[in-house]
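Using the hints, position chains Z, W and A against chain S.
Residue numbers (this note's numbering), protein chains in the order written: chain S, 1 to 252; chain Z, 1001 to 1252; chain W, 2001 to 2252; chain A, 3001 to 3252.
Please keep in mind that the hints were generated in silico from the structure rather than gathered at the bench.
Just so we're clear, the structure is a prediction, and the values are computed from it rather than from any experiment.
Beta carbons: idealized from backbone N, C-alpha and C, even for Gly.
Check before you lean on any hint, since a few could be wrong.
Claimed, not checked - Output of the computed footprint for chain Z on chain A, the stretches with three or more beta carbons under 8 Å from beta carbons of chain Z: (1) 3096-3103; (2) 3110-3116; (3) 3183-3191.
Stated by the list, open to error - Example chain S residues on the side facing chain A (calculated, C-beta under 8 Å, incomplete): (4) PHE9; (5) THR12; (6) SER41.
4 protein chains.
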Amino acid sequence: MGVKNLKTFLITERSGLRHHIIPTVEMTINLPADLKGIHMSRLVESMTEVISDQFRVHESIEELQIKILKALRERHGFKRGEIRFDFEFGYSTKTPVSKKRSWEVCDITASTVKENGKPAIHDVSVKVIGNTVCPHCLANNGGMTHMQRASGTIRVVGTTQDIPTYGSMIEVVENSFSSKTYSLLKLEDEMYVTKKMHDNPLFVEDVCRNILQNARESFAGRKLEMHAEARSLESIHKHDVIAHGRIVTNGE
Amino acid sequence: MGVKNLKTFLITERSGLRHHIIPTVEMTINLPADLKGIHMSRLVESMTEVISDQFRVHESIEELQIKILKALRERHGFKRGEIRFDFEFGYSTKTPVSKKRSWEVCDITASTVKENGKPAIHDVSVKVIGNTVCPHCLANNGGMTHMQRASGTIRVVGTTQDIPTYGSMIEVVENSFSSKTYSLLKLEDEMYVTKKMHDNPLFVEDVCRNILQNARESFAGRKLEMHAEARSLESIHKHDVIAHGRIVTNGE
Amino acid sequence: MGVKNLKTFLITERSGLRHHIIPTVEMTINLPADLKGIHMSRLVESMTEVISDQFRVHESIEELQIKILKALRERHGFKRGEIRFDFEFGYSTKTPVSKKRSWEVCDITASTVKENGKPAIHDVSVKVIGNTVCPHCLANNGGMTHMQRASGTIRVVGTTQDIPTYGSMIEVVENSFSSKTYSLLKLEDEMYVTKKMHDNPLFVEDVCRNILQNARESFAGRKLEMHAEARSLESIHKHDVIAHGRIVTNGE
Amino acid sequence: MGVKNLKTFLITERSGLRHHIIPTVEMTINLPADLKGIHMSRLVESMTEVISDQFRVHESIEELQIKILKALRERHGFKRGEIRFDFEFGYSTKTPVSKKRSWEVCDITASTVKENGKPAIHDVSVKVIGNTVCPHCLANNGGMTHMQRASGTIRVVGTTQDIPTYGSMIEVVENSFSSKTYSLLKLEDEMYVTKKMHDNPLFVEDVCRNILQNARESFAGRKLEMHAEARSLESIHKHDVIAHGRIVTNGE
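Here chain S stands alone, though its shape is the one from the complex (with noise of 0.2 Å):
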């Protein structure tokens, strides 16, 4: 029971960068035995105070979820609390070859969950646009295929010394497709990336491995369950392919 498709408005600031994020809220408790309704209001007041304290700014997504559960408890009891945050995420790159500076917007969902006994488990998804290009066609139609615009994600499940930056989520799923996309390309960038994707054919179930393979390198030593899913849209089709993978890292 909770509440939903609630929006709000946050601050987080890590290394010097901030965000301001506004959220599409998803708040649940399962109630303890004893307990036969719930008070719906301190579910949004607790979030409401610890979000908008002397308008704070927070170090992650990550801590201020746990801070909510936190000051839902002192309100309310709980057996199971949950909070999910879905949101859309800006950082910037560099063009591959006129090096000019390009933003991206990548949409991220991070939902943290407390039981009663437990540490809290973070359970966090990047999602990012790429592309595919089809390698079987490639090899058997004289150097034509076709190609589309695909998306990746890579899903984290761990604790809080376990979940990685989003900026390292970004960059394991970015550099698991044919090629990385761009909201601005130069000519002699959209040559580059043109040739790349022609070198580096990939189905959608090879970028999902790749997800999973970078996620394994990039987050070793973290004890993390690990989901991936690629999805291509493709230009030869009206409907698109889709592939999913997972993989347990045990932290060694």
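Relative to the frame of chain S, chains Z, W and A by itself:
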């Protein structure tokens, strides 16, 4: 691995009632260990052939999905195959007082999963729009309260013989709200619905409980895992309030 | 003033082809000066009665919309009445080489406006998915280029006698892309489509121009205002590229 | 011709209030007769450079959009250029009785059009969520009525000096509903809002009229074309009810 966001076209007829349906399809398979890649076109081909063979009229979505997975197995080995249709479903009702015919539409998701050596399992959700009325506010505010549009969902998981009809699932949800809603309401109907809402104030958690209770009665004797979700588009807030529940019946 | 986001259910049959359609409806009227308020139920009642009278099969959406506006006028005065249906429309095609049947679905918006003393005017848009291939990149990059899923829309405005069939509008758009797309493609079809794309590279502005040119030819002799829109889901960018155009034909 | 569905990242600061915004951007130009094609990258480059020059903080969206169109003109001739941002905008309010801080979010669309030899024209829409209560039902049903979530939109078109602030547009719409809505409501606030709704029953056409009346008063002395739209998510129907209106003020 598979296809998603594919739209197709099919016809069902049961008890003399014919439905043309344009589902959005997701169809995925898990490969056996000895198969490296997937022939994506065989998924779509299996579906297209079964659906359009002589432009055939099918008895039910469940029967059709089983046929498609069987046709796929003859073409392409898999450990686990799943096909899911999302579609809108129209039905007619009578307005409560004026007894005029009114057309209503609900959202249905119907999936079938086939694993080697196991019977096909269906997973069907029906989502209907109704309303909720705040009982707490009504009791404490001199007869004044707030009410709002709401949605209710019943999801059932079971074998072909245990899955109920869409019509009976729609009825289960419609009867769980403060009142049913209608596309058409003459003045006398509007008065009736408004009075009914005030006589039957319900939180989302009440609607959720009603759905499970109604389903238990209506689907007695069936072996089903059943999930309910209720969601109210609060009129005093910009966000929604949700509740979830789940029961399992053993078919006795 | 009127209703929006209403879903209903209707049947059309023309040339032996029957379509069941679940449109999302918007129906609005402008009141004459002497009327203060609107009886909202009369809008829905007019529509419901015309649609479901004996579960009648209608010849066309245009004819049905005119009937609904006429039925409404008998119940409720208006200066200007408009009814709009948004719906998905299924049709069949053959794959290009293997000649298998493939089912395709497109998006249609069909409106009719009736003003006092003027003939009914229809405004119909058909949106189909295809693809584009960058000609500039192909010419300057040793035969390598980028391509992507695209959509094309033809919109026509005119009287009942001048509005073309949905089928002819679909054809106009499909033939304007670098290649048509298909739900089903066997290997030989995929090779054919890939080659066709490379042989026929088009910017979105070319697709837009093609749509208008094809429409001018296909709809010769009709008096129509025609709009085209093309949009490509760029494979090298995260954003889309769009082009618009417009012509008016005088029916000669 | 231009780009659509592009996401970027920018910062505004006015009266000490800083906003980080992630707009979805549409940017289009009409070419002069002597230009055949468009250099699409120059659109994005103009925007990126203006937005991110020294990671600059901009005074307003309107001022920023004019700068982007000016930067584009230096790179690429056009007869008419338009840039549009769709984004979410957060603001804080106090709950009506308990006087707690509550965060609210609304939807804003802000466009600027520049044609040769004419001043830049802005077109700004602010959409806020509130509620409506049926006056007719309240008057005829012993004090019982139905109410529902609603949205109200004010759209203003004018030159830079005449466009009001987002804050004043939000206020115009919020004060036009049966009651404002809040993310947070303590029990005493909920009672207050419920009573206010019953004291102030309004049809969507009343909300629409209120928006225009409030705008006329709040924006007196400005030369503006103003449009209002109200939409209620009916609690007794599955569909919505809408009303539109329009006034033009001459700045006196």
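Hint by hint, here is what the structure shows:
1. 3096-3103: violated (count 0)
2. 3110-3116: violated (count 0)
3. 3183-3191: n = 4 at 8 Å, threshold three: holds.
4. PHE9: holds, 3 Å
5. THR12: violated, 11 Å
6. SER41: At about 6 Å, which falls below the 8 Å cut-off, the nearest Cβ of chain A leaves the hint on S:SER41 intact, so it holds.
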